[in-house]
Amino acid sequence: AQSVTQLDSHVSVSEGTPVLLRCNYSSSYSPSLFWYVQHPNKGLQLLLKYTSAATLVKGINGFEAEFKKSETSFHLTKPSAHMSDAAEYFCVVSFTGGGNKLTFGTGTQLKVEL
Amino acid sequence: DAGVTQSPTHLIKTRGQQVTLRCSPISGHKSVSWYQQVLGQGPQFIFQYYEKEERGRGNFPDRFSARQFPNYSSELNVNALLLGDSALYLCASSFPSQGAYEQYFGPGTRLTVT
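Protein sequence lines, in the order shown, are assigned to chains A and B. Start counting the first sequence at 1; every next residue gets the next number (the working numbering). Start counting the second sequence at 1; every next residue gets the next number (the working numbering).
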């Protein structure tokens, strides 16, 4: 079985400060991991993905994530938050041989304040 | 290029009725998956189709069914609607049939059951 746990349901940061959204995963197989973002009343947009290549993954809009097998973590970071980053973020796991089934975390709501 | 499109955008139905939701994948994508996102939760996998065949099914009752057409578009049908079926229904497309490749999501259909 595979699952992800997003450790914070809400995160609030000031504009210009770093962002850290935490995710731990559980998978019986070699996982593929993704971060998706969902802005209000919009669909899901892929931020970045890890598929067993480099453990540090760079995505769009300055986001990056590091796969740490020993800690079963895949935390999302950004050096400097922007107001437009305010959204819901989902950590997602899948695994090779699992077809296209994505298993989503419960989401982290990111609030960015002036 | 057009992204994943879904219709209708919003729908209001009464308990016991039936509903059909439609999805057109990105050109060249052969796999379509359906997800249900209840308010405040992460999306839950319902179905995956590839080359008109069901390749995966989530933990949903038989009231939910789907199909894929020769042009790779897809329909999701829900019979005997319940209040709990109120949700955002998301369609996602991807190119390969297997493996954990990224999926591209449409804007969703908001279904309200009264």
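It is worth saying that the hints were derived from the structure and are not from the lab. Wrong hints could be hidden among the right ones.
Simulated coverage check for chain B against chain A, where a stretch passes if three residues somewhere in it have a Cβ under 8 Å from a Cβ of chain A [as the list claims (entries may be wrong)]:
no. : stretch
1   : 9 to 20
2   : 104 to 112
Dumping the calculated EDC-like pairs for lysine to aspartate or glutamate here, alpha-carbon to alpha-carbon at most 16 Å [claimed, not checked]:
no. : chain 1 : residue 1 : chain 2 : residue 2
3   : A       : LYS111    : A       : ASP8
4   : A       : LYS49     : A       : GLU64
5   : B       : LYS30     : B       : ASP62
6   : A       : LYS58     : B       : GLU51
7   : A       : LYS49     : B       : GLU102
8   : A       : LYS42     : A       : ASP85
Simulated DEER-style distance windows between Cβ atoms [unchecked claim]:
no. : chain 1 : residue 1 : chain 2 : residue 2 : range
9   : B       : ASN79     : A       : PRO18     : 21 to 31 Å
10  : A       : SER9      : B       : THR5      : 39 to 49 Å
11  : B       : ASP62     : A       : SER9      : 24 to 34 Å
12  : B       : GLY16     : A       : LYS68     : 48 to 58 Å
13  : B       : GLY3      : A       : LYS58     : 15 to 25 Å
C-beta: ideal position from N, C-alpha, C; glycine also.
Right, here's what the structure says about each hint:
1. Under the rule that three or more residues need a Cβ within less than 8 Å of chain A, the assignment of the stretch 9 to 20 of chain B is violated, with 0 such residues.
2. Using a Cβ-Cβ cut-off of 8 Å, 5 residues of the stretch 104 to 112 of chain B lie near chain A, which meets the minimum of three, so the contact claim holds.
3. Using a Cα cut-off of 16 Å, the hinted pair A:LYS111 and A:ASP8 holds, with the two alpha carbons roughly 12 Å apart.
4. Distance restraint check for A:LYS49 and A:GLU64: the Cα-Cα separation of roughly 9 Å lies within the 16 Å cut-off, and the hinted pair is therefore satisfied.
5. A distance of roughly 24 Å separates the Cα atoms of B:LYS30 and B:ASP62; the hinted pair therefore is violated under the 16 Å criterion.
6. Between A:LYS58 and B:GLU51 the alpha-carbon distance is near 32 Å, which puts this suggested pair outside the 16 Å criterion.
7. Annotation: proposed proximity of A:LYS49 to B:GLU102 holds, straight-line Cα distance about 8 Å (limit 16 Å).
8. Taking the CA atoms of A:LYS42 and A:ASP85, the gap is about 14 Å. The hint holds against a cut of 16 Å.
9. Taking 21 to 31 Å as the suggested C-beta distance range, the pair B:ASN79 and A:PRO18 does not conform, at roughly 49 Å.
10. For A:SER9 paired with B:THR5, a C-beta distance near 31 Å fails the hint of 39 to 49 Å.
11. Taken as a hint, the range 24 to 34 Å holds for the pair B:ASP62 and A:SER9, whose Cβ atoms sit roughly 33 Å apart.
12. Against the hinted window of 48 to 58 Å, the Cβ-Cβ separation of B:GLY16 and A:LYS68 comes to about 49 Å, which satisfies the hint.
13. Take B:GLY3 and A:LYS58: their Cβ atoms lie about 22 Å apart, and the range 15 to 25 Å holds.
Hints 1, 5, 6, 9, 10 from the earlier list are contradicted by this structure; the remaining hints agree with it.
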